[in-house]
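*Asks:* Between the sequences and the hints, there should be enough to build the whole structure, so can you do that?
From first to last, the protein sequence lines stand for chains P and W. All the letters of the first sequence, read from the start, carry residue numbers 1 to 471 under the working numbering. All the letters of the second sequence, read from the start, carry residue numbers 1 to 471 under the working numbering.
Read the hints as simulated data drawn from the structure, not as lab findings. Each hint should be verified, as a subset may be incorrect.
The list treats identical chains as one, so a pair stands whether inside a single copy or across any two.
Capping the alpha-carbon separation at 20 Å, the derived lysine to aspartate or glutamate pairs in EDC-like fashion look like this [as the list claims (entries may be wrong)]:
{"hint": "1", "residue 1": "Lys33", "residue 2": "Asp400"}
{"hint": "2", "residue 1": "Lys290", "residue 2": "Glu452"}
{"hint": "3", "residue 1": "Lys99", "residue 2": "Glu471"}
{"hint": "4", "residue 1": "Lys290", "residue 2": "Glu335"}
{"hint": "5", "residue 1": "Lys244", "residue 2": "Asp341"}
{"hint": "6", "residue 1": "Lys240", "residue 2": "Asp204"}
{"hint": "7", "residue 1": "Lys126", "residue 2": "Asp95"}
{"hint": "8", "residue 1": "Lys33", "residue 2": "Glu401"}
What follows is each chain in one-letter form.
Number of protein chains: 2
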Amino acid sequence: MTRRNPAQTAHHLEKFFSPKSVVVIGASATPGKPGNVVIRNLQANGFEGKIYLVNPRGGEIEGLKVHTSITDLPDNIDQAIITLPAAATMETIRDCAAKGIMSIVLAASGFAEVDPSGAQLQADLKKTIMETGVRVLGPNTTGHVSMPSNFTSSFFPLGRIPRGNVSYITQTGNFSGISLRHIMSAENFGVCRVAGLGNKIDVDEADLLDYLGQDPETKSIFLYLEGIKNPQRFMRVASKVTRKKPTFLLMGGVSNAGASAALAHTASLASDERIIDGALAQAGITRLFKYSHLFQVAKALACMPLPAGNRVSFLSPSGAFTVCMTDLCLSVGLEVPDIEDKTRARLQDISPSFIRMRNPVDIFGSVALHSFEFSYGEAMEAVLKDKNIDAVVAILMITDETGVPSYDFIIDLAKRYPAKPIYVTFMGQHNHNVAAKAYLERHDVPAFMLVEEPFEVLGILNRCRMAMKGE
Amino acid sequence: MTRRNPAQTAHHLEKFFSPKSVVVIGASATPGKPGNVVIRNLQANGFEGKIYLVNPRGGEIEGLKVHTSITDLPDNIDQAIITLPAAATMETIRDCAAKGIMSIVLAASGFAEVDPSGAQLQADLKKTIMETGVRVLGPNTTGHVSMPSNFTSSFFPLGRIPRGNVSYITQTGNFSGISLRHIMSAENFGVCRVAGLGNKIDVDEADLLDYLGQDPETKSIFLYLEGIKNPQRFMRVASKVTRKKPTFLLMGGVSNAGASAALAHTASLASDERIIDGALAQAGITRLFKYSHLFQVAKALACMPLPAGNRVSFLSPSGAFTVCMTDLCLSVGLEVPDIEDKTRARLQDISPSFIRMRNPVDIFGSVALHSFEFSYGEAMEAVLKDKNIDAVVAILMITDETGVPSYDFIIDLAKRYPAKPIYVTFMGQHNHNVAAKAYLERHDVPAFMLVEEPFEVLGILNRCRMAMKGE
Chain P
1 MTRRNPAQTA HHLEKFFSPK SVVVIGASAT PGKPGNVVIR NLQANGFEGK IYLVNPRGGE
61 IEGLKVHTSI TDLPDNIDQA IITLPAAATM ETIRDCAAKG IMSIVLAASG FAEVDPSGAQ
121 LQADLKKTIM ETGVRVLGPN TTGHVSMPSN FTSSFFPLGR IPRGNVSYIT QTGNFSGISL
181 RHIMSAENFG VCRVAGLGNK IDVDEADLLD YLGQDPETKS IFLYLEGIKN PQRFMRVASK
241 VTRKKPTFLL MGGVSNAGAS AALAHTASLA SDERIIDGAL AQAGITRLFK YSHLFQVAKA
301 LACMPLPAGN RVSFLSPSGA FTVCMTDLCL SVGLEVPDIE DKTRARLQDI SPSFIRMRNP
361 VDIFGSVALH SFEFSYGEAM EAVLKDKNID AVVAILMITD ETGVPSYDFI IDLAKRYPAK
421 PIYVTFMGQH NHNVAAKAYL ERHDVPAFML VEEPFEVLGI LNRCRMAMKG E
Chain W
1 MTRRNPAQTA HHLEKFFSPK SVVVIGASAT PGKPGNVVIR NLQANGFEGK IYLVNPRGGE
61 IEGLKVHTSI TDLPDNIDQA IITLPAAATM ETIRDCAAKG IMSIVLAASG FAEVDPSGAQ
121 LQADLKKTIM ETGVRVLGPN TTGHVSMPSN FTSSFFPLGR IPRGNVSYIT QTGNFSGISL
181 RHIMSAENFG VCRVAGLGNK IDVDEADLLD YLGQDPETKS IFLYLEGIKN PQRFMRVASK
241 VTRKKPTFLL MGGVSNAGAS AALAHTASLA SDERIIDGAL AQAGITRLFK YSHLFQVAKA
301 LACMPLPAGN RVSFLSPSGA FTVCMTDLCL SVGLEVPDIE DKTRARLQDI SPSFIRMRNP
361 VDIFGSVALH SFEFSYGEAM EAVLKDKNID AVVAILMITD ETGVPSYDFI IDLAKRYPAK
421 PIYVTFMGQH NHNVAAKAYL ERHDVPAFML VEEPFEVLGI LNRCRMAMKG E
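*Replies:* Put into C-alpha cells, the structure is as follows:
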C-alpha cells in the first residue's frame, strides 16, 4: 500500500466531516434498526446535504426515495454509511469505489473482535480497501458526528445534538451513542466532531488527531484508545497539536484483564503503558484515568478557559470542606494560596468578626448575616480580582429553608471575568442542586454534583497546562 | 481530673443517645434561629421523651411551655442542649449541674477555633466541666442525631430523618446538618447515630467509637476527624470495634494547608498522618480519601453485606466499559475473574453468537435479541450463582427508545441472593437514571450516578474486609 501524503489524508477526512452528500447503504424502514436510525439522526440534526438511500426493495423511507442498488446512484457521492452485515461489506465497498464514493463508515461488527473467521473477514476487508483506495472509518463503530455540518453517521438514536467546541476521538463507538446521550442529558455541553474508531482498519487516531489539530471549530480534544496503531506517527502528530489545543487521553486495557476485554471489544492489542507513558508526556498529551473525566474535563473546557496557573480559591458553606477540599487540592498539584490583603479585608467586611476570613473562604457566617447572593457574589468577585488566584470554585448549599436564590450573579461574574474559570458544586438538598446545575450549565457555568469533582478537574487542567508548556 | 471508668462513660453517653427528657436552653420563638430549629427538629422526628424549654422571657414556643430559668426546671433532666453564645456557657453549665443535668450539647462557636480570647473561654469551659463533672459534646457543633430514640440536638433544619444502621462520628457538625440533608435527599439511606464532635473539649472520638461498638443498632461506623485527641486510647478502642463492625475514617487536615484550615475550623492540630497511618491499619480501620465516600460507602453497606471476597462480575451495555471498568477494578485491588463454565454457557445461551460471553458480561447483544429485563435478569442471576463471584455491578443503559423497564427484578434478585452485594450504575439518558436510582434505593438496592463509583466503593469495601481480618 503506497503511503498517502498528508494533504491527501486531510482531503479524505474532509468528506467524512463535511460531506455535501451521503448514502445510507442498508437503509431500513423499521424503526430501531441501524439503517433507519441513521436516517432519522441525519434528519433530526438538519443535515443540509443530499441524503441517498439504498435498499434492494426500493420504495420510500422517512420521506426519501430508496435506490435499489449502488449502481443506480449518481457518481461521486461524498460519503457512504454501510449498515449491512460484515459478510456483505467487501462487495459493497467495491461497488462504492466504482461509483466514486471514497469515504466509507462501516458500522458492522463481527470482524477481528469476535473469532478467527471474523479475523479472516477483516483481512479481506483490508485487502479490499487497499485495492480500491477508499478510506474507511470502522468497522465495528457506532459512527461519527460533525456538528458544524449538522451531520452524523451514528446508528444510536441521538435526536438533535448540541453543537460545541469539544471533539472526541474514541476507540469505542460509545461516544457517538450512549456516552453522547449522557453528555446531552446530564452534562449540558455541545460537541464539535466525534469519531468512533472501532477496529480502525484504515482511519486511525493519528489521522483524526491531525485533522482536529487543524480544525478551526475544535478547541479541545479528548481521546479514548484501547491501543495506538502507529505510536511514532501518533506522537509526532500530537506534538504539533498539543502546542495549540488541550489534548487528553484515556487508555483502556492498561491492566492485563482490561487488555483482554479490549481484545474482545475492538480487537485491540493494548500497548505496554509503561513504555508509552513517557512518550505521551513528551508529546504534550494529558492522561486521564477515569472514563467520566472524558466528559467532566470536557465540560470544564467547553465554556471556561484553561486556568493560567494552579492557584485556587474556593467558597465553602462548611468548615469541613475548607479542610477536605484543601487536602484534595494539594494532593492533585493545586495550591490554595494566601490572598492579597485587600481581598482579605473585603471578605472580612462582609463577614461576622468571629470568623477570620482567608482562603479558602468560609462563607457560612456571611450568608447568615447578609444573603446568599450578596455574600457569594461579593466574595467570588473579591477572589476573582485577586492576582494570586487562577480559578474559583463556589460550593453552594441550598435548602428549602435557605430559599432558592437567583444564580444570575454567577453567570454575570463569569462574563465579567472571562480569563479565570468559575466552577460550581454543591452540598445540601439534592433537588435544588439538580436544578441549579441545569440552569448554570445552560448559561455556560460548569457545575458538578459531587463536591470533589471540580477540584479533581482543576488538577487535570493544571497537568494539561504544564504538558502544553512542556513542563 | 479523675479518669472515668468505661462503664461510667457508657452510662453518660447513654443519656446523649437515649434521653428520656431534654431541655433546650436558649429556646427561641424565631423561625430559623438555632434555639427554634432544634425544637422543630425534635418534634419533626417524633421524640417521645419530655421536652423542656428555657428562655428568660417565658411564654410558649412551638406549643410548649417555656421556663424562665434553669432553676425552675425539674431535677435530673437527662440532657441539655445549649444554644446560647459562648460567653454564657460557663454559668449555664453550673446551673445545669446543680439541677442534675449531666449530659450537655454545646452548639456555640467562638472558642479556640477563633482567637486567643476564644481559647481563654475554652480553657474556662474545660475547668467548669472538670469541676461540675458534666459530660459535654462540642462546643462548636451542629449537634447529634439518634434515630432509635427519634432524637436530635441539631440546630440545622432537618425534618424527618430516615432511620438506618449507619452511624457517624465527625469532627464537623456538618453531618448533623448539610451533609445529612444531602444523604436524605440524594442518597436515600437511613442513619442510626450521628455525632458532631466540634472542638471536643470533653466527649471525643474514642468515647463515641466505644459506644457505637457496643450499640446493637449500629452496623457500620464512619468517622471524619481533623485530629485524634488520644491516639493510643482511640486505637485500643478501634481494635475491639473493628473486629465486629466495618469502620472507616477520613482524616481532614493531612496537607499543611488543610491542617491550617482545620485549626480555623475546629481548633484541631492535625497529627502527622504518616505516623498514625500504620497505627490505623493495625487497629483495623479503613481509611477513606474522599469526603463523598463517607456517604457512598455508607450507602453500599446500609442495605448490602460486606462482600466475602474481591471477585467482581459486572454487566455492561458497552465494550468500552468492559475495558475501562476492568482496568479500574484491577487498580483498586479487585479481580474480574473467569466465571464457571456453566455460567458462561448460560450467558452464551441468551446472547447472539457473534459475542463471546465472559466476565465482564457484554450484555448489549442479548438485550437487543431479547429484552432489558430478561437479559439483565438472567445474566445477573447467572453470575450471582457463580462460586467465583463475590459482588455484582449492573451498568444500565436506559433511553426513551429502549423504554423504561420495571426494575423490580433487580430488587427481587437482591432479596434472593442476600449474601452477595448488587450495585447499579448507569450510562445513558440522565432523567431515566435519576428516576431509576431513586426507585432502586427506596427498595434497598444502592445505585450510583457515575459509572466508576460502585467499583471504587467495592475497592474500599475490599480493603475493609482485609482490615477486619487483620490482613
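*Asks:* State for each hint whether it applies.
*Replies:* Here is how each hint holds up against the structure:
For the homomeric pair lysine 33 and aspartate 400, the shortest alpha-carbon distance between copies (15 Å) is at most 20 Å, but the shortest distance inside one copy (46 Å) is not. For a Cα distance limit of 20 Å, the shortest separation of lysine 290 from glutamate 452 qualifies both inside one copy, at 14 Å, and across copies, at 7 Å. Taking CA atoms no more than 20 Å apart as the test, lysine 99 paired with glutamate 471 passes in neither setting, with 50 Å inside one copy and 68 Å between copies. In the homo-oligomer, the alpha carbons of lysine 290 and glutamate 335 lie at most 20 Å apart only across protomers (18 Å), although the nearest pairing inside one protomer, at 23 Å, exceeds that limit.
Taking the shortest alpha-carbon separations for lysine 244 and aspartate 341, neither the intra-copy value of 36 Å nor the inter-copy value of 52 Å comes in at or below 20 Å. With identical chains, the CA atoms of lysine 240 and aspartate 204 are at most 20 Å apart within one copy only, with a shortest distance of 17 Å there and 58 Å across copies. Proximity of lysine 126 and aspartate 95 under a CA criterion of 20 Å is satisfied intra-copy only: 16 Å inside one chain copy versus 90 Å between copies. For the homomeric pair lysine 33 and glutamate 401, the shortest alpha-carbon distance between copies (12 Å) is at most 20 Å, but the shortest distance inside one copy (50 Å) is not.
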